[in-house]
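Q: Below are the chains, spelled out letter by letter.
Protein chains: 2
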Amino acid sequence: MNEKTTEDLEKLRDLIDGVDQQLLHLLRKRLDLVAQVGAVKHSAGLPIYAPQREAAMLGKRRAEAEAMNISPQLIEDILRRLMRESYLNEKDVGFKQVKQDVGNVVIVGGEGQLGRLFGQMLTLSGYPVKTLDKDDWAQADTLFAEAGLVIVTVPISITCDVIRNKLTQLPEGCILADLTSIKTEPMAAMLAAHNGPVLGMHPMFGPDVGSLAKQVVVVCHGREQEKYQWLLEQIEIWGARLVEAEPERHDKAMQLVQAMRHFSSFVYGLNLCKEQADIDTLLQFSSPIYRLELAMVGRLFAQSPELYADIIFAQQDSMEAIGDYLENYQRALELLKSGDRQGFIDSFSQVATWFGDFAPQFQQESRAMLQSVNDMKSN
Amino acid sequence: MNEKTTEDLEKLRDLIDGVDQQLLHLLRKRLDLVAQVGAVKHSAGLPIYAPQREAAMLGKRRAEAEAMNISPQLIEDILRRLMRESYLNEKDVGFKQVKQDVGNVVIVGGEGQLGRLFGQMLTLSGYPVKTLDKDDWAQADTLFAEAGLVIVTVPISITCDVIRNKLTQLPEGCILADLTSIKTEPMAAMLAAHNGPVLGMHPMFGPDVGSLAKQVVVVCHGREQEKYQWLLEQIEIWGARLVEAEPERHDKAMQLVQAMRHFSSFVYGLNLCKEQADIDTLLQFSSPIYRLELAMVGRLFAQSPELYADIIFAQQDSMEAIGDYLENYQRALELLKSGDRQGFIDSFSQVATWFGDFAPQFQQESRAMLQSVNDMKSN
Chain A
1 MNEKTTEDLE KLRDLIDGVD QQLLHLLRKR LDLVAQVGAV KHSAGLPIYA
51 PQREAAMLGK RRAEAEAMNI SPQLIEDILR RLMRESYLNE KDVGFKQVKQ
101 DVGNVVIVGG EGQLGRLFGQ MLTLSGYPVK TLDKDDWAQA DTLFAEAGLV
151 IVTVPISITC DVIRNKLTQL PEGCILADLT SIKTEPMAAM LAAHNGPVLG
201 MHPMFGPDVG SLAKQVVVVC HGREQEKYQW LLEQIEIWGA RLVEAEPERH
251 DKAMQLVQAM RHFSSFVYGL NLCKEQADID TLLQFSSPIY RLELAMVGRL
301 FAQSPELYAD IIFAQQDSME AIGDYLENYQ RALELLKSGD RQGFIDSFSQ
351 VATWFGDFAP QFQQESRAML QSVNDMKSN
Chain B
1 MNEKTTEDLE KLRDLIDGVD QQLLHLLRKR LDLVAQVGAV KHSAGLPIYA
51 PQREAAMLGK RRAEAEAMNI SPQLIEDILR RLMRESYLNE KDVGFKQVKQ
101 DVGNVVIVGG EGQLGRLFGQ MLTLSGYPVK TLDKDDWAQA DTLFAEAGLV
151 IVTVPISITC DVIRNKLTQL PEGCILADLT SIKTEPMAAM LAAHNGPVLG
201 MHPMFGPDVG SLAKQVVVVC HGREQEKYQW LLEQIEIWGA RLVEAEPERH
251 DKAMQLVQAM RHFSSFVYGL NLCKEQADID TLLQFSSPIY RLELAMVGRL
301 FAQSPELYAD IIFAQQDSME AIGDYLENYQ RALELLKSGD RQGFIDSFSQ
351 VATWFGDFAP QFQQESRAML QSVNDMKSN
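Chains as they are written, first to last, in full-length UniProt numbering: chain A, 1 to 379; chain B, 1 to 379.
Because the hints were derived from the structure by calculation, they are not lab data. Mixed in with the good hints, there may be bad ones.
Each pair may be met inside one copy or between any two copies, as identical chains are not told apart.
In the DSSO-like style, the derived pairs of lysine-lysine whose C-alpha atoms are separated by at most 27 Å in a straight line are [unchecked claim]:
hint : residue 1 : residue 2
1    : Lys377    : Lys96
2    : Lys60     : Lys99
3    : Lys29     : Lys60
4    : Lys274    : Lys337
5    : Lys130    : Lys252
6    : Lys96     : Lys130
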């Protein structure tokens, strides 16, 4: 690289540095303004996530960008990233308390990751939160006596037993709710153990999310919805989207995605381990799609074996789904071994037809996902 | 929402709109400056992707952000997204041509997606590109007579035959290269068919990438590297990262990631189809992680069945890997069926130990990936 080039590049880079300074100041300004929006919403008790407003705003920006010959997708991606930041900051202001004097909120299993997350959100919303963990059963009666809401979030393997054995003496008007990733059995157990309001929930996200904005919480109505409606509104104020479902329908869908996902990832990692794969080599060769896959599998093994054993062993019904998958895998492998190329193409086309318009939609979505994975690369 | 609130929100939103106007102008300015950097690099023949410079710049910005109480990750993510945009724009300027008078570049299979992508990149770099597709073999001799570089990118099922039968009469000094996703057999075929320079490559990305920046191209050296070194430099100028590998080592690694990935995704889709899953329901319930998974599976079925049949059937050796996976799956399912919780926990811990520090690293990476997937949600 000759001197002239070096000089030119340095000049330009200084100019870029200057632009980035202005960019930082603009970001600071925007974050502060959005924080003020948050404060206003907070005092008015409005949800932090307003899909329509967001869509309208993004639409305007996209149009303005196009007029300036800037890719609309660029400004949308940047603004979406900024919104995430603002959602995270909402926590600093706290959240509007939907209902006063509900009494204590007791979180059974409050020391677990998910229990802590909900405890934190409820505290940020002004509710008096008491946690009851495995060693605290001595004070249970005192805690329950004052309780207006009891949330069960203990290991899935003992959830139903805890409900059946420990939660039969709650105050009449107290809300009994759970956060278990299966719903049929825990719902039945809660309805049997408690005569008051009953609510089943399944937060569709890991405890490592910084904010509940845009996250999904599946809601199964148990009994006396009008009594726990405030809790659902509270969760919406945290930014989450509520999806109502029948326990059975929820569990069936979960078997197909969740149990399958956990089990396949487990076997995938087990397989890599048994094959003594060299992760460094795999990463060297890794295209965004394989890096993503490795990350998704590796992620599982950073977590507690007991937790996963509980999740997988709890879903006895999912064994059928897992077994079906095995059969389909065997049949597909037969096609390969017998060199039945046409047979493979036929089933492929059959599945493609079944996916219908979702296939191209998923292709587009995954492209965006893979691009942002590629953006993260640093070497 | 009362009038006061509406009023306050409107005021703040007008201010935010104003900030976003300035943001757009700043983006426009930065894109223009980076385009000038591209032009300087172009004339100097420097690669568009400069990892060190990028890392240094991001480091400075992160520090400045922290000083302003802005999350360093926010500015890094925004700048990375901006860089992607700039890489895409590089195409408009074209690329520095590393070597003059190489003669024609003939792309055998030039009508395929990958062939078109490489044809486009080479044309943007000033090389005379001729494509030779299945119906053009009549003019083959004329095309080859003038050729300084022949790139084979035909369906994997016929690659070796095409090399063996059609590419034996290339000019002595002509470079013979391929882009096949397996390397051992095509390399052997090329070395046998041609006495001149031979180069094997495997682009580790789909033809739908907008730019080669940060993408990986695996390189297998065949013969007379000094004669094709310019091509490797050219690819680096496009922003790609070259990873050298022995054909066998490459193919073994690919069996574990690529073949497995394709086949598992295929079976996963087949399974959803056979279970008659309701995709709408799955998406309603979808947490970022399942949405990502569905998108990755669905993506496969938006593509050509023949293409995938070719890829999967071409890798006979991978059948072993796929078979091993099946066995591990069966064994794991046995643990489930026999209710051997401890056995499950033991293998889980064994795999976790094997992943070692990669597990937490992958957990962190995947968190970032999942966050950006969540950002994309619009309802």
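Q: Honestly, which of those hints from before does the structure not fit?
A: 2, 5
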